[in-house]
Amino acid sequence: MLVSFNLVMALAAVPAALLARRVGPGRAAAVGLAVFAGAGLACGLSDQLSTLIVARCIQALGGAAAVTAALELLPATVGSERRAATVWAAAGATGAALGPALGGILTELVSWQSIFLLQVPVALVAAVPILAVAKHAGATGVIEPELRRTGRPHLWANLALAMVSAAIAAALFLLVLLLIEGWRLSPIVAAIVVSVMPLAAILGGKLAEQVPDARSRAAAGAILVSGGLAGLAFLPKATIALTIPPQILVGIGLSLVLSALTETALGGRAPQAIHGGWTISARHAGVVIGLLALTPIFTAEIDQQRHDAINAGTAVILDSPVNPLLKLSLAEKVSERLEEERGKVPTIGPAFEPLPDDPAERAEVQQLQGELQDQLDRGATHAFSTSFILAALLGLIALFPIALSKEVEL
Amino acid sequence: MRGRVLVIGAIVASLVLVGAYLAAGGSSYEPEKVQNPCEPRPWSNPQTLGQIANQFTISALDGAACKLGVSRETLARALATPEARARFAKKYGIDDEKLAKAIRAGLLRAVDDAEEAGALSPLLAGPLRTTLQHIPLDQAIELINDAESLLGNVNSFLGPAGSLLEQFLP
Numbered sequence: 001m002l003v004s005f006n007l008v009m010a011l012a013a014v015p016a017a018l019l020a021r022r023v024g025p026g027r028a029a030a031v032g033l034a035v036f037a038g039a040g041l042a043c044g045l046s047d048q049l050s051t052l053i054v055a056r057c058i059q060a061l062g063g064a065a066a067v068t069a070a071l072e073l074l075p076a077t078v079g080s081e082r083r084a085a086t087v088w089a090a091a092g093a094t095g096a097a098l099g100p101a102l103g104g105i106l107t108e109l110v111s112w113q114s115i116f117l118l119q120v121p122v123a124l125v126a127a128v129p130i131l132a133v134a135k136h137a138g139a140t141g142v143i144e145p146e147l148r149r150t151g152r153p154h155l156w157a158n159l160a161l162a163m164v165s166a167a168i169a170a171a172l173f174l175l176v177l178l179l180i181e182g183w184r185l186s187p188i189v190a191a192i193v194v195s196v197m198p199l200a201a202i203l204g205g206k207l208a209e210q211v212p213d214a215r216s217r218a219a220a221g222a223i224l225v226s227g228g229l230a231g232l233a234f235l236p237k238a239t240i241a242l243t244i245p246p247q248i249l250v251g252i253g254l255s256l257v258l259s260a261l262t263e264t265a266l267g268g269r270a271p272q273a274i275h276g277g278w279t280i281s282a283r284h285a286g287v288v289i290g291l292l293a294l295t296p297i298f299t300a301e302i303d304q305q306r307h308d309a310i311n312a313g314t315a316v317i318l319d320s321p322v323n324p325l326l327k328l329s330l331a332e333k334v335s336e337r338l339e340e341e342r343g344k345v346p347t348i349g350p351a352f353e354p355l356p357d358d359p360a361e362r363a364e365v366q367q368l369q370g371e372l373q374d375q376l377d378r379g380a381t382h383a384f385s386t387s388f389i390l391a392a393l394l395g396l397i398a399l400f401p402i403a404l405s406k407e408v409e410l
Numbered sequence: 411m412r413g414r415v416l417v418i419g420a421i422v423a424s425l426v427l428v429g430a431y432l433a434a435g436g437s438s439y440e441p442e443k444v445q446n447p448c449e450p451r452p453w454s455n456p457q458t459l460g461q462i463a464n465q466f467t468i469s470a471l472d473g474a475a476c477k478l479g480v481s482r483e484t485l486a487r488a489l490a491t492p493e494a495r496a497r498f499a500k501k502y503g504i505d506d507e508k509l510a511k512a513i514r515a516g517l518l519r520a521v522d523d524a525e526e527a528g529a530l531s532p533l534l535a536g537p538l539r540t541t542l543q544h545i546p547l548d549q550a551i552e553l554i555n556d557a558e559s560l561l562g563n564v565n566s567f568l569g570p571a572g573s574l575l576e577q578f579l580p
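Protein chains in written order, with the numbering used here: chain C, 1 to 410; chain G, 411 to 580.
Among the hints, erroneous ones may be present.
Below 25 angstroms or equal to it, Euclidean Cα-Cα: the simulated PhoX-like pairs (lysine-lysine) are [what the hints assert, rightly or not]: (1) G/Lys477 to G/Lys443; (2) C/Lys237 to G/Lys477; (3) G/Lys500 to C/Lys135; (4) C/Lys135 to G/Lys443.
Pulled from the structure, derived: some chain G residues nowhere near chain C, Cβ distances all over 12 angstroms [unchecked claim]: (5) Val415; (6) Gly460; (7) Glu483; (8) Thr491; (9) Gly503; (10) Lys508; (11) Ala515; (12) Leu518; (13) Glu525; (14) Gln549.
Sample of chain C residues with no beta-carbon within 10 angstroms of chain G, all distances over it, derived [what the hints assert, rightly or not]: (15) Leu106; (16) Leu207; (17) Gln210; (18) Leu224; (19) Leu235; (20) Ala238; (21) Gly267; (22) Thr299; (23) Asp308; (24) Ala315; (25) Ala331; (26) His382.
For the record, the hints were derived by calculation from the structure and aren't laboratory data. Since we're looking at a predicted model, the values are computed, not measured. We put the CB at the ideal spot given by N, CA and C, even for glycine.
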């Protein structure tokens with residue numbers, strides 16, 4: 001389910017771009033947006049997982065057509081292909097950073113279905129200017145394939161895009177999971193916390209305007225994404241504030257690297273829609289690979305860390321000076337909580353209720369609760385470390401294809 | 411030039427962040443490791459009956475867990491309820507007889523530790539060992555849960571644990 005949308009996007013982006021070339025970007029964008037909106041409605045109304053997955057796959061087909069066709073239409077609006085590539089790349093980077101925050105807020109305030117239902121009017125509203133631009137530019141007709149020869153895709157830039165996208169997907173997905181499943185924050189609080197990344201991405205966009213060299217921007221971005229991920233891997237405490245600096249690095253980094261690599265992949269190449277399709281394909285393939293590779297590692301780690309944390313917490317209880325009958329009763333309640341919340345990091349508070357009447361004993365039990373919670377927080381946080389480190393390495397490995405992408409004319 | 415500054419700035423920012431987090435303990439922020447139950451756990455000079463009972467319980471759990479090859483913490487949670495015990499038995503393939511043997515071994519280790527720490531008279535430790543060698547599983551678990559009652563009654567030879575002693579003494 002998680003990767004179905006990205007997988008279809010990765011496979012359909014280039015064929016969708018070819019279709020847009022054949023039928024005209026205006027028509028392709030309009031049909032793509034209509035399919036995207038219709039499938040979004042189906043996602044929002046679906047009551048079965050299988051229906052949801054199918055609808056998401058159809059939505060990805062529509063999205064691929066709309067996004068690649070939009071790139072073909074943009075030069076008519078912004079004045080040049082180069083400027084179009086920059087705007088298109090920046091929009092992609094902002095969308096990647098904004099998604100989790102917006103999704104979390106909608107899930108908490110309304111429902112998860114609202115994420116998809118909201119896409120319907122957004123897609124329909126987006127269709128209006130696209131059709132207007134298409135009409136104005138006379139782009140609704142068929143573009144003859146021989147007008148502009150299709151060049152080979154930029155291998156190194158697209159490879160780097162795939163690697164960096166895998167790292168960024170890990171950053172977004174794992175951080176949201178850490179906050180909600182590990183630290184038990186509500187989706188809206190988690191959404192507010194991860195909104196640091198899109199805000200930092202805006203800052204990264206401003207920074208990018210000051211540096212014309214795309215390769216330097218891509219390298220700096222990949223380093224910042226890796227540095228931020230490494231920071232998340234070595235959090236010294238389970239507090240929200242400590243996630244802010246790494247998020248700032250990831251946000252600025254993703255804005256720099258995604259836009260620079262997309263510009264590099266598109267620069268001097270024609271037709272733009274097809275090369276844009278290759279970048280979309282690379283980015284979504286990266287997301288798929290990143291999530292498929294890191295999810296099993298993270299899942300195994302969280303099971304192990306949960307086990308270690310519970311043992312450490314039980315050790316705290318057993319070694320405490322409270323009455324043996326009380327401590328074994330606490331161990332029993334902790335055991336019950338584990339059974340009730342099997343497979344998750346348990347909420348431990350109810351195991352300590354009701355608190356003893358005796359003030360001294362109450363203080364001891366509250367201290368025990370705090371220590372046990374600390375062990376659980378340690379376990380939950382540490383469970384994500386390996387995945388964050390691997391994601392950071394992916395970002396660093398992307399520096400090799402970035403270094404090889406220097407012979408690109410922009 | 412600006413590009414080079416940007417790259418150097420990114421490297422410095424990343425290194426500063428990671429260095430600061432590592433210096434603040436980021437590499438060791440994980441659950442504390444539990445002690446191997448087979449290793450001796452020294453008694454911390456208990457004074458009151460409650461403190462002695464506390465140590466006795468821990469020694470007994472250590473001894474039994476060592477015998478079963480699990481952690482003391484896992485065993486403590488397993489002995490909390492009959493349901494937890496059944497899950498534990500299924501997961502580790504341990505039947506009641508094996509569990510009873512292990513808990514008796516744990517209780518004997520607790521008596522040894524109590525005697526060594528001067529918390530239990532050698533005169534009482536001897537008959538207590540003999541009693542514990544034959545005690546049924548449910549009562550053995552009860553003694554781990556309520557060591558204070560056992561030790562209090564051993565010292566006074568009264569009450570339910572005293573009756574147990576009378577029942578099982580040869």
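Going through the hints against the structure:
no.: 1; hint: G/Lys477 to G/Lys443; verdict: holds, 20 angstroms
no.: 2; hint: C/Lys237 to G/Lys477; verdict: violated, 36 angstroms
no.: 3; hint: G/Lys500 to C/Lys135; verdict: violated, 71 angstroms
no.: 4; hint: C/Lys135 to G/Lys443; verdict: violated, 68 angstroms
no.: 5; hint: Val415; verdict: violated, 8 angstroms
no.: 6; hint: Gly460; verdict: violated, 7 angstroms
no.: 7; hint: Glu483; verdict: violated, 4 angstroms
no.: 8; hint: Thr491; verdict: violated, 6 angstroms
no.: 9; hint: Gly503; verdict: holds, 18 angstroms
no.: 10; hint: Lys508; verdict: holds, 21 angstroms
no.: 11; hint: Ala515; verdict: holds, 18 angstroms
no.: 12; hint: Leu518; verdict: holds, 18 angstroms
no.: 13; hint: Glu525; verdict: holds, 19 angstroms
no.: 14; hint: Gln549; verdict: holds, 16 angstroms
no.: 15; hint: Leu106; verdict: holds, 31 angstroms
no.: 16; hint: Leu207; verdict: violated, 7 angstroms
no.: 17; hint: Gln210; verdict: violated, 6 angstroms
no.: 18; hint: Leu224; verdict: violated, 5 angstroms
no.: 19; hint: Leu235; verdict: violated, 6 angstroms
no.: 20; hint: Ala238; verdict: violated, 8 angstroms
no.: 21; hint: Gly267; verdict: holds, 16 angstroms
no.: 22; hint: Thr299; verdict: holds, 17 angstroms
no.: 23; hint: Asp308; verdict: violated, 4 angstroms
no.: 24; hint: Ala315; verdict: violated, 5 angstroms
no.: 25; hint: Ala331; verdict: violated, 5 angstroms
no.: 26; hint: His382; verdict: violated, 4 angstroms
Hint compliance for this structure: hints 2, 3, 4, 5, 6, 7, 8, 16, 17, 18, 19, 20, 23, 24, 25, 26 are broken, all remaining hints hold.
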